[in-house]
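**Q** Sequence:
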Amino acid sequence: IIQAMSGVMSLVGEAEGPPLRVGFPLIDMAAANAAVQAVLLALYGRLSGHGGANIDISLMAAALAMMSGSFTRFSASGKQAPRQGNQNTNLAPAGAFKTSDGRYLSIAVLRDEHWVKFCAALDLGILAKDPRFVTNALRVENRAALDAIIVPMFSAQPAAHWLERLRTADILCGPINEFADIAADGAFGEELPLVDSMALNVPQAVALPIRFNGRFAETIRRAPAKGEHTKQILAEFGFSSDEVERFFDEGVVFSSRNTD
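Taking our numbering, the leading residue of the sequence shown gets 1, the next gets one more, and so forth.
For the record, the hints were derived by calculation from the structure and aren't laboratory data.
In this text, a Cβ means the ideal position worked out from N, Cα and C, and glycines have one as well.
Heads up, a few of these hints could be off.
[Stated by the list, open to error] In silico DSBU-like links for lysine-lysine, alpha-carbon gap of 30 Å or less:
(1) Lys98 / Lys129
(2) Lys117 / Lys98
(3) Lys117 / Lys129
[What the hints assert, rightly or not] Each pair of labels, with its calculated beta carbon distance range:
(4) Lys98 / Ala217: 31 to 41 Å
(5) Ala76 / Ile233: 44 to 54 Å
(6) Lys98 / Leu138: 18 to 28 Å
Sequences and hints are given; from them, build the entire structure.
**A** In structure tokens, the structure reads:
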């Protein structure tokens with residue numbers, strides 16, 4: 001709902017299509033990250049002699065902060081940024097292109113000198129001098145005509161063919177991976193912050209994406225089950241065994257397992 005109300009969904013989707021939601025809880029994660037930053041700043045402030053701080057973070061504010069560029073442009077111009085799908089309104093060619101094996105490649109030609117290399121990689125040297133496409137501004141203006149030429153070409157060969165050609169030509173590109181592709185790709189190797197979850201049926205979990213002294217953090221213990229430590233926590237707060245048992249009998253608290 002916050003994706004809708006904050007305007008995030010207004011930016012996602014095809015230009016002529018409906019607004020779309022981002023496929024994972026982006027705003028929740030952004031707010032959590034902002035909370036961590038706020039706590040660290042407050043702690044530093046306290047250590048620096050400025051006292052503590054009352055921290056207040058909303059999902060709406062976190063969402064808007066992620067869209068600061070788009071919202072600032074709206075504030076300056078009064079114009080809503082259009083949805084652009086997989087395209088880039090400022091670059092051409094730039095987008096997701098389907099290959100003959102059904103995979104998609106994300107490709108972006110950043111500069112005019114890259115355009116010449118891009119054309120060479122596609123064996124379209126003559127296209128590099130086409131007056132409709134010689135500058136990025138012209139390519140953006142004539143995007144439909146350009147796509148009509150290159151989209152069929154990409155669909156005629158598999159992804160591996162085009163990746164090799166484009167990377168050799170120093171063109172920014174990459175496959176649009178699914179999770180299985182990432183897990184199977186040895187090239188990612190040490191870049192994935194995966195740890196033993198110590199939980200049944202979950203062999204690996206994603207840890208903090210931060211290396212400390214060259215290493216990702218490791219799992220010390222598994223995540224607790226719901227209410228697993230209810231008795232211990234109540235005891236730490238000074239409640240007697242009889243009081244704790246009464247809490248359970250009256251349904252005040254819950255424990256997932258009988259722990260003494």
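**Q** Next, verify each hint and record whether it holds.
**A** Do the hints match the structure? See the list:
1. Lys98 / Lys129: holds, 25 Å
2. Lys117 / Lys98: With Cα atoms ~20 Å apart, Lys117 and Lys98 stay inside 30 Å; holds.
3. Lys117 / Lys129: Given that 30 Å is the threshold and the Cα spacing comes to 12 Å, the pair holds.
4. Lys98 / Ala217: 31 to 41 Å: holds, 39 Å
5. Ala76 / Ile233: 44 to 54 Å: holds, 52 Å
6. Lys98 / Leu138: 18 to 28 Å: holds, 25 Å
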